[in-house]
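Protein sequences, first through last, are from chains A and B. At position 66 of the first sequence (counting the first as 1) the number is 707 in our numbering, and the numbers step up by one without a gap. At position 315 of the second sequence (counting the first as 1) the number is 316 in our numbering, and the numbers step up by one without a gap.
If you are wondering where the hints come from, they were derived from the structure by calculation, not from laboratory data. Since we're looking at a predicted model, the values are computed, not measured. One thing to keep in mind: the hints can contain errors.
[Claimed, not checked] Simulated crosslink set (DSS-like; lysine-lysine; CA at most 27 Å straight-line):
#: 1; chain 1: B; residue 1: Lys55; chain 2: B; residue 2: Lys103
#: 2; chain 1: A; residue 1: Lys644; chain 2: B; residue 2: Lys73
#: 3; chain 1: B; residue 1: Lys394; chain 2: B; residue 2: Lys295
#: 4; chain 1: A; residue 1: Lys644; chain 2: B; residue 2: Lys295
#: 5; chain 1: B; residue 1: Lys73; chain 2: B; residue 2: Lys394
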Amino acid sequence: MVKLTLPFSQDGKVGKSVLTTVALQPGSWDTVVGELRAQHPSVAERIFTSSGRMAAGFALVLNDDVVHAGHPPSDLRSGDELYVIVTIAGG
Amino acid sequence: MITDNISDLGNRCTSHDNPIVLPQPLQQRLLAEIRRRLPIKSFGYLISEGDPRKPADFLIFESNIRNSAEWKGTFESYGQYFLEHEDAGFVATPEESWRMQKRMWKLGMVPIGVFHSHLRHPANFSSIDYEMHMQGVHHLWHMIVSVRNEHNVQMRAFATGRTGVRELPVVITPGEHSATSGPHSNGLPDRRNQAICQARCLLSLDQHGRPTHKDSQAIFNAVTELLRTGDREAIDQLLVNGFLARSQDRFEEYVSPAMRELEGGQFEMGTCNLQCAHFVGESPRHTVWVSPFKIAAVPVTNELLGSFDERWMTVPAKDRQKPAIGMTWYEAAVFAMWMGCRLPTEAEWEFACGGGGEGEWSCIDEDLLHRYAWYSMNSKGQAHVVGSLEANKFGLFDLHGNVWEWCNDSYDQDYYARSSAVDPPGPESAGSNKVCRGGSFHALSEMCRTRYRFHDPPGFSAWDLGFRLARNM
Chain A
642 MVKLTLPFSQ DGKVGKSVLT TVALQPGSWD TVVGELRAQH PSVAERIFTS
692 SGRMAAGFAL VLNDDVVHAG HPPSDLRSGD ELYVIVTIAG G
Chain B
2 MITDNISDLG NRCTSHDNPI VLPQPLQQRL LAEIRRRLPI KSFGYLISEG
52 DPRKPADFLI FESNIRNSAE WKGTFESYGQ YFLEHEDAGF VATPEESWRM
102 QKRMWKLGMV PIGVFHSHLR HPANFSSIDY EMHMQGVHHL WHMIVSVRNE
152 HNVQMRAFAT GRTGVRELPV VITPGEHSAT SGPHSNGLPD RRNQAICQAR
202 CLLSLDQHGR PTHKDSQAIF NAVTELLRTG DREAIDQLLV NGFLARSQDR
252 FEEYVSPAMR ELEGGQFEMG TCNLQCAHFV GESPRHTVWV SPFKIAAVPV
302 TNELLGSFDE RWMTVPAKDR QKPAIGMTWY EAAVFAMWMG CRLPTEAEWE
352 FACGGGGEGE WSCIDEDLLH RYAWYSMNSK GQAHVVGSLE ANKFGLFDLH
402 GNVWEWCNDS YDQDYYARSS AVDPPGPESA GSNKVCRGGS FHALSEMCRT
452 RYRFHDPPGF SAWDLGFRLA RNM
């Protein structure tokens with residue numbers, strides 16, 4: 642399984658238990674995104690654009706390496722750990 | 002535009018109003034670090050072990066990719082201010098964001114708030130702050146630390162939701178050596194005598210009729226306490242025939258020619274809930290009647306102030322017709338009183354600015370604002386001679402932009418929900434923050450809106466904060 646960790650709870654609350662961990666089937670990036678959309682539509686809507694890119698304000702980390710925007714991992718294997726992290730911005 | 006259920010945040014006290022409790026040592030460390038980094042913008046997280054309103058520490062980012070090819074255009078799309086100031090705005094790198102995330106996990110901490118510093122603007126939550134905050138961290142509150150007056154740093158915290166923004170109280174818990182008030186007498190005769198004695202000392206004038214005491218807060222408080230005694234004889238002697246003895250003459254000679262008489266009337270004050278977006282304290286829109294009043298056509302200038310206050314006498318000739326800045330609310334209020342005037346109420350200011358109309362501007366729309374206002378799009382980062390652009394329909398200049406203007410009112414973001422319909426005087430909360438209006442030469446257009454409310458402590462001053470005189474008919 643691919644383990645995806647998000648930095649917030651699914652209801653958006655903060656606190657000690659703010660992480661959401663989701664187990665996904667290995668496969669292509671598109672497959673993984675599709676599965677997340679099916680299982681957790683509200684989470685997927687928040688972190689992905691309609692084209693499957695990371696939404697502004699988020700970045701992706703795969704096994705401790707930052708994945709640069711527009712270059713999603715080609716294949717995700719069992720045991721891979723994905724993290725969605727927040728990148729803060731403002732004026 | 003925020004159009005869904007506004008009631009969860011936009012217009013009433015909620016659990017979101019639970020204060021941010023910032024231990025003083027942490028506040029001092031944070032401010033020291035922000036100052037140390039000047040003029041670099043600071044931004045980061047406030048973190049805790051779980052309590053969402055009590056930060057235990059902060060993390061500051063080192064890298065800012067606001068000017069990267071990926072982000073520069075985004076910021077510049079927010080207007081001229083972001084073209085002229087490449088230090089305005091911040092974006093954390095993904096790499097540092099990941100390091101910060103791992104550090105928080107290691108510390109057993111979670112982010113509960115985001116903070117960033119404003120170098121030139123007040124600690125307001127602007128549209129760019131709101132939009133970028135909502136992208137990833139809308140579940141966190143956002144604190145803005147304004148260092149536009151480095152010696153009097155201001156912090157404001159905001160709770161955001163899909164439906165609006167509320168300002169949160171920030172409570173600084175004292176350190177070990179907090180001051181405690183000493184014993185004082187509650188005896189009424191003592192208090193009355195003390196007030197009169199204080200006024201006798203503080204309201205004295207020199208041979209030219211100028212106040213000898215330079216502490217405007219002390220003078221203002223002395224006048225307030227003297228009036229509170231109700232002692233007619235002392236009030237007449239020390240105030241009417243003393244401190245304010247020639248105020249009518251000063252008004253006639255120096256101020257009256259520039260005053261405009263407004264008939265007053267009924268108007269809609271504030272912004273309706275569905276249009277409030279990220280603007281704080283502007284709703285509900287409500288009907289207000291203002292009585293006829295006089296208001297100066299322009300803000301108080303260096304020249305006017307220099308006629309009476311030696312600190313302004315050395316202003317270079319080219320700047321004498323520019324707005325006087327760097328005045329605290331106390332200084333503005335005392336000067337206004339001494340000139341036979343007062344500061345405008347917030348309702349008067351909004352009526353005067355918008356011409357009593359329902360729009361956001363004194364002109365037809367924002368596209369024409371450059372003809373009426375010195376602001377970030379056209380000011381080149383400096384204040385301009387008053388009255389050098391077009392006047393509004395009442396013959397008033399510079400209400401939008403040039404300098405923020407103190408109003409007489411104390412500030413309360415919920416005041417509009419309960420204010421009186423006729424000549425609202427502002428909430429009764431002496432010593433609390435005072436309303437500022439109109440935006441300044443640095444301001445984004447949104448801050449110059451007729452309805453835009455901001456506030457600062459009465460002892461605060463800034464290089465883009467001035468005032469304008471008003472008076473009853």
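Now the hints, each set against the structure:
no., hint, in the structure
1, B/Lys55 - B/Lys103, "holds, 21 Å"
2, A/Lys644 - B/Lys73, "violated, 34 Å"
3, B/Lys394 - B/Lys295, "holds, 15 Å"
4, A/Lys644 - B/Lys295, "violated, 68 Å"
5, B/Lys73 - B/Lys394, "violated, 39 Å"
Against the hints set out earlier in the document, violations occur for numbers 2, 4 and 5.
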